[in-house]
Amino acid sequence: MIVVVCVKQIPDPADPGALDPETRTLKRDVKLILDESDSYGVEMGLQLVDAAGEGEVRLVSMVPNNEVSGLRTALAMGAESAVLVSDEALAGSDALATAKVLAAAIRRCEPDLILTGTESSDGYTGTVPVQVAELMGLPSVTFAKEIAVADGVATVKRQTEDGYDEIECSLPAVVSVTAGVVEPRYPSFKGIMAAKNKPVDEVDLAGLGIDSSTVGWAGAGQEITDIAEAPAREAGEVIIDEGDAHERIMAFLDDLKVL
Amino acid sequence: MGLSKIWIYGEAREGVVATTTLELLAKARSLADTVDVVVQGDASPLAADLGAHGASSVLSVGDLGEGLPGPRVASAIAGAVSTGTGPDVVLCGTTYDGRDVAGRLSAKLDAPVITNVVDLVVDGDRLLGVEPVFGGTTDVTTGFTGAGTAIFLVRPKSFAAEDAGGAPATVGAIETGDLGNTAGAVVKNRFVEESSGPKLDEASIVVAGGRGIGDAEKYEMIETLATLLKGAPGASRAVVDSGWVPYSYQVGQTGKVVKPAVYLACGISGATQHLVGMKGSQNIIAINKDEEAPIFGVADLGIVGDVHKVLPKLIEALKAR
Chain A
1 MIVVVCVKQI PDPADPGALD PETRTLKRDV KLILDESDSY GVEMGLQLVD AAGEGEVRLV
61 SMVPNNEVSG LRTALAMGAE SAVLVSDEAL AGSDALATAK VLAAAIRRCE PDLILTGTES
121 SDGYTGTVPV QVAELMGLPS VTFAKEIAVA DGVATVKRQT EDGYDEIECS LPAVVSVTAG
181 VVEPRYPSFK GIMAAKNKPV DEVDLAGLGI DSSTVGWAGA GQEITDIAEA PAREAGEVII
241 DEGDAHERIM AFLDDLKVL
Chain B
1 MGLSKIWIYG EAREGVVATT TLELLAKARS LADTVDVVVQ GDASPLAADL GAHGASSVLS
61 VGDLGEGLPG PRVASAIAGA VSTGTGPDVV LCGTTYDGRD VAGRLSAKLD APVITNVVDL
121 VVDGDRLLGV EPVFGGTTDV TTGFTGAGTA IFLVRPKSFA AEDAGGAPAT VGAIETGDLG
181 NTAGAVVKNR FVEESSGPKL DEASIVVAGG RGIGDAEKYE MIETLATLLK GAPGASRAVV
241 DSGWVPYSYQ VGQTGKVVKP AVYLACGISG ATQHLVGMKG SQNIIAINKD EEAPIFGVAD
301 LGIVGDVHKV LPKLIEALKA R
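Chains as they are written, first to last, in our numbering: chain A, 1 to 259; chain B, 1 to 321.
Bear in mind the hints are in silico, worked out from the structure with no lab data behind them. Any given hint could turn out to be false.
Below, computed lysine to any residue pairings styled on SDA-like, alpha-carbon distance capped at 25 Å [what the hints assert, rightly or not]:
1. B:Lys199 to B:Lys230
2. B:Lys188 to B:Thr176
3. A:Lys257 to B:Gly197
4. B:Lys289 to A:Asp241
5. B:Lys218 to A:Glu242
6. B:Lys313 to A:Leu256
7. A:Lys145 to B:Glu223
8. B:Lys309 to A:Asp255
9. B:Lys289 to A:Arg248
10. B:Lys230 to A:Glu247
11. A:Lys145 to B:Val245
12. A:Lys257 to B:Gln282
13. B:Lys5 to B:Ser56
Ranges of calculated distance between the beta carbons of each label pair, as one might list FRET restraints [what the hints assert, rightly or not]:
14. A:Ser212 to B:Gly65: 38 to 48 Å
15. B:Ala261 to A:Glu56: 49 to 59 Å
16. B:Ala173 to A:Val238: 54 to 64 Å
17. A:Gly17 to B:Glu175: 43 to 53 Å
18. A:Asp211 to B:Asp63: 32 to 42 Å
Please read all numbers here as calculations on a predicted model, not as lab measurements. Cβ coordinates follow ideal geometry from the N, Cα and C atoms, glycine included.
Using the sequences and the accompanying hints, generate a full structural model.
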């Protein structure tokens with residue numbers, strides 16, 4: 001079973017982000033890491049391949065420069081190989097352009113199943129998985145918390161407002177995985193060493209047959225018209241707990257008449 | 001693009017229109033001449049409520065059977081666009097199914113989606129979406145450059161639902177095209193996880209726990225407090241990612257937006273990701289060990305202290321009432 005996992009390399013969310021005044025989008029000229037949201041997809045893919053007893057996890061990712069550090073993390077976890085679409089023209093791509101590029105790269109892998117995160121931690125549009133599915137003419141199940149594959153059918157527990165749906169889905173299909181549903185493994189030392197020699201197939205837009213004017217800044221169908229500081233909420237009183245903080249909270253709630 | 005016709009993807013449960021849909025209607029009716037709602041299944045029980053909130057008509061894509069809404073609803077809307085009877089603007093709520101519809105429709109129409117919108121602004125003959133970034137400290141306004149259908153994903157609670165006293169919406173139907181393999185996902189069973197208290201996004205009091213709670217077992221303090229306050233328990237992304245509680249508990253950018261009368265943040269530092277989801281609360285109480293924690297920047301009452309000391313006493317005090 002070939003499981004393709006889409007992964008994104010993003011600026012470390014722990015560092016305060018900033019908007020580039022010229023492009024008015026998130027500055028990405030910093031060190032990129034594997035988006036933690038995608039580590040759940042990688043883990044889920046590895047578990048499914050283990051359960052199937054055969055096959056492998058292949059990664060698909062895209063960047064405007066040939067950054068691979070995030071990919072190496074996922075390879076160290078156990079993915080076998082990666083397709084990295086790398087092209088300067090990708091800078092500024094919106095979600096739909098991203099989906100077009102990923103779909104083209106995924107086709108090269110001939111997967112049985114395509115896994116993604118629910119949304120990236122930097123752009124968080126949450127539309128890419130479904131856009132990829134539609135572009136490839138495939139079914140999709142979003143917000144998966146459990147996946148099992150047997151006899152060419154995926155059985156997925158999909159998060160809902162008040163519980164979950166059990167969904168059966170023909171393969172190939174795109175399934176987006178909710179964060180926290182599996183525990184992503186830490187790369188072992190052996191894994192990290194092995195990752196250095198795993199194949200990363202770097203391909204540009206021309207190599208995928210994609211016209212560079214349809215992606216990136218050139219292909220963006222939307223423009224930022226304004227960036228403004230949002231009205232700030234004023235901070236109130238801050239006290240240090242001297243063992244009686246609960247009384248302050250009770251008094252606060254009493255004043256609001258919510259008790 | 002003009003603004004004569006807006007379509008809303010309407011969601012309903014057991015014949016009752018979802019609040020998110022009514023919120024979208026409240027805004028849409030102030031923006032366009034005609035607002036129609038596209039739904040799945042039987043539209044007639046929804047017509048009165050949708051009409052009262054400003055919908056001219058309610059259009060059903062038919063019974064989904066076991067299918068998921070995304071492929072069928074997107075196919076129907078794209079079909080209408082291709083025959084020239086479609087809308088100028090499509091609004092979907094940022095919900096489980098709303099995102100599926102918007103994403104599929106976007107790929108079908110080759111039109112981008114403006115996501116995470118909390119406000120819609122008219123700019124000449126086009127509509128702009130306002131999206132909060134960096135924890136809601138900055139608002140980014142975005143518009144479409146093309147002439148095609150404008151698709152927006154709007155976050156719940158961005159607008160207030162309000163009955164406008166309109167007549168019942170006209171009930172109609174729209175055709176869907178051949179769904180091919182995209183209809184390959186079918187619902188076999190639905191499981192409802194019973195929870196005794198109010199829902200997280202409807203509760204008037206929310207008690208949320210963060211990484212500072214320590215571990216999954218200690219999260220029980222949050223549940224106990226929520227029960228005592230007749231509120232709902234919530235969590236930060238760190239807690240959900242750690243698997244202590246399910247995704248449905250998550251408050252923040254990637255989770256639910258809540259605006260309760262009181263939000264009690266326990267052991268939550270206030271990452272930008274979290275602040276976006278709760279900053280609109282009427283009153284915020286925060287307990288955190290780190291006096292530099294960003295959560296204190298939005299709290300009405302901030303307690304610099306250990307949740308493991310403060311919360312047990314608070315629980316005792318509430319039990320004594």
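- Query: When you check the alpha-carbon spacing of lysine 230 (chain B) and glutamate 247 (chain A), does it fall within 25 Å?
  - Reply: 19 Å, holds
- Is the Cα-Cα distance between lysine 309 (chain B) and aspartate 255 (chain A) 25 Å or less? 23 Å, holds
- When you check the alpha-carbon spacing of lysine 188 (chain B) and threonine 176 (chain B), does it fall within 25 Å? 23 Å, holds
- Message: Run the distance test for lysine 257 (chain A) versus glutamine 282 (chain B): straight-line Cα separation, threshold 25 Å.
- Response: Holds, at roughly 13 Å.
- Message: A range of 54 to 64 Å was offered for this pair. Does it hold for the Cβ distance of alanine 173 (chain B) and valine 238 (chain A)?
- Response: 58 Å, holds
- Message: Tell me if the straight-line CA distance from lysine 289 (chain B) to aspartate 241 (chain A) falls inside 25 Å.
- Response: 9 Å, holds
- Are the Cα positions of lysine 145 (chain A) and glutamate 223 (chain B) separated by 25 Å at most? It holds: about 22 Å lies between the C-alpha atoms, which stays within 25 Å.
- Query: In this structure, is the beta-carbon distance linking alanine 261 (chain B) and glutamate 56 (chain A) contained in 49 to 59 Å?
  - Reply: 52 Å, holds
- State, for the Cβ atoms of glycine 17 (chain A) and glutamate 175 (chain B), whether the hinted interval 43 to 53 Å holds or is violated. 44 Å, holds
- Mind checking the alpha carbons of lysine 289 (chain B) and arginine 248 (chain A) for me, to see if they're no more than 25 Å apart? Distance of about 17 Å is within 25 Å: holds.
- Message: Given a hint of 32 to 42 Å, does the C-beta separation of aspartate 211 (chain A) and aspartate 63 (chain B) actually sit inside it?
- Response: Since aspartate 211 (chain A) and aspartate 63 (chain B) have Cβ atoms about 41 Å apart, the given range 32 to 42 Å holds.
- Take the C-alpha atoms of lysine 5 (chain B) and serine 56 (chain B), compute the straight-line distance between them, and say whether it is at most 25 Å. 10 Å, holds
The structure is consistent with each of the numbered hints, conforming to all of them.
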